[in-house]
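2 protein chains.
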Amino acid sequence: MFFLTPVLVAVVCILIVWIFKNGDGSSKRRKGEPRARAEVHPWVDEDLKDNTDLHQGEEGNPLIPELQASQPSGGLELDDGRSKNQLLNIQEHDANDWQESEEDVEHIPFSHTRYPEKEMVKRSQEFYALLSKRRSVRFISNEQVPMEVIDNVIKTAGTAPSGAHTEPWTFVVVKDPDVKHKIREIIEEEEEINYLKRMGRQWVTDLKKLRTNWVKEYLDTAPVLILIFKQVHGVAASGKRKVHYYNEISVSIACGLLLAALQNAGLVTVTTTPLNCGPRLRVLLGRPTNEKLLMLLPVGYASKEATVPNLTRKPVDQIRVTV
Amino acid sequence: MFFLTPVLVAVVCILIVWIFKNGDGSSKRRKGEPRARAEVHPWVDEDLKDNTDLHQGEEGNPLIPELQASQPSGGLELDDGRSKNQLLNIQEHDANDWQESEEDVEHIPFSHTRYPEKEMVKRSQEFYALLSKRRSVRFISNEQVPMEVIDNVIKTAGTAPSGAHTEPWTFVVVKDPDVKHKIREIIEEEEEINYLKRMGRQWVTDLKKLRTNWVKEYLDTAPVLILIFKQVHGVAASGKRKVHYYNEISVSIACGLLLAALQNAGLVTVTTTPLNCGPRLRVLLGRPTNEKLLMLLPVGYASKEATVPNLTRKPVDQIRVTV
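Chains as they are written, first to last, in the numbering used here: chain A, 1329 to 1651; chain B, 1329 to 1651.
With the rest of the complex left out, here is chain A:
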């Protein structure tokens, strides 16, 4: 029985099981295995996530780790001192209404300014008129801006709702010219790597032309860079991880308020999400590993020569449906 020698049987069995198992998970990549070149979509949301725990240089970093000691307090602390009922109620609320843990805090009457209808309409028109003038501006003058205004716009961003009132945001305001320049170096360097990895052989002839797009001059010229970090979890007093529900959505909403506040104050910015730069910028700024970079906003006055692409927005009947 030549066909059933043990060696042949072994080979056939290995092949069969191998093929079967591969077929089962063919669409999954193995951990650490790079995506096929054709599949690279570095702009999708998941790539924003900073999954690395880049520790080098974190100890002894001279850059103000002001917040590192003061872990977020307040909000809910899921430690063992809480009854199961309390915990249960918190979870129920969190998943739905972003409601704070109502069982624990006093409820107070809500007072709200109500305007006559005519005034409501006028206010809503004026606010729309103000925000509709906002544009992403990449040409930012090096003139200083009042820091009181920067504080106020960050305080405004901090009024955003957040899952279970966890307030999972850290706003790092960079004024130091050396740090701004280091940020620029990191971002321009990573851009180049992004470019080479993403575009590769296909686009090499255009390298020179594109290089001009890597130049992020505003990172040096803007008097203030605001780097917005999402805290993917908190740390309770007990040392346990505290869940930060819907942290990315919460921090993005806060960024929306920040953009509105900047526009209201007469400052300009451009919304950027520096690709793959999160870990290095986090280390540079001495932020802990539970914080991941979500956005970087260079802030200042528009330079005199600033231009913007002549784009329009969709009319309301293309974004709104009424039922």
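You can trust all of the hints, since none of them are fake.
Note that identical chains are pooled: a pair holds if it fits in a single copy or bridges any two copies.
Distance condition first, Cα-Cα at most 30 Å in a straight line; then the derived DSS-like pairs of lysine-lysine:
#: 1; residue 1: Lys1446; residue 2: Lys1461
#: 2; residue 1: Lys1642; residue 2: Lys1632
#: 3; residue 1: Lys1632; residue 2: Lys1510
#: 4; residue 1: Lys1446; residue 2: Lys1503
#: 5; residue 1: Lys1632; residue 2: Lys1461
#: 6; residue 1: Lys1446; residue 2: Lys1632
#: 7; residue 1: Lys1450; residue 2: Lys1642
#: 8; residue 1: Lys1503; residue 2: Lys1450
#: 9; residue 1: Lys1642; residue 2: Lys1568
#: 10; residue 1: Lys1503; residue 2: Lys1642
#: 11; residue 1: Lys1450; residue 2: Lys1461
#: 12; residue 1: Lys1503; residue 2: Lys1632
#: 13; residue 1: Lys1642; residue 2: Lys1446
If you're looking for bench data, these hints aren't it; they were derived computationally from the structure.
Since the structure is predicted, the reported quantities are computational estimates derived from the model, not experimental observations.
Based on these hints, arrange chain B on the given structure of chain A.
Quick look at chain B alone, frame taken from chain A:
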């Protein structure tokens, strides 16, 4: 050689390969396999994602599929009519600055209102004062609100920046009492399933007490519900998928502007992310499968008896670091 019979060799080989392959992917769950009960964290961002393609009832749905025919136009269309250079430039921009495809559109001088420093500070203070009064309010009166105001706040939300200027949002305004009630039924029903699945045996004794939290009366009483959908991709004129870069972050920023605009107009809301309700609500409202529910905001005036939990926000030095 008893130990090397073909059958034994076959069994051993199958086992070895099986174990090897399983060890390789032990941390991955197989498609469709439910998570272990202990691992259920329905509040994390990924659970918001509506991955189902729930088609039943989509054909012949009487509810205004107004936008279905008018796929988002404008912005960038990655069809084959574009040169590789143009495509390359778009990709480069998208990944970083959310810049529009600059090569294609004229650039125009940017004009911006600049205020004297004193006025900037005052404006930023006043805007902070306005937004700091915003609270999540669950007690909403059934009084009607001016629809012009609703239009203006949605137009304001539509001024948000978006990855590659794709404007990947749809705002569904529900006024019809029957549809509002159906939405309530779906949400309260899913809540119950969430509860039973999530809490299970551990918390059954508290079922009665919790049930009161499932009651979402505001879904009936609020004169307007705004359901915000993110378009996870677009459809180009050629019929190809159009990538919607950073769509969740973009739409969340738009929701931030929406919340600011509502507060400015004197209306109240509560930010909700109805867990697991996305597919059913999408079908109810006749939205296409590329749209996923991100948020639901009941909008109106606060009812006279409205209360809010007596919570505070973190002071600015707990959310801001200066470098």
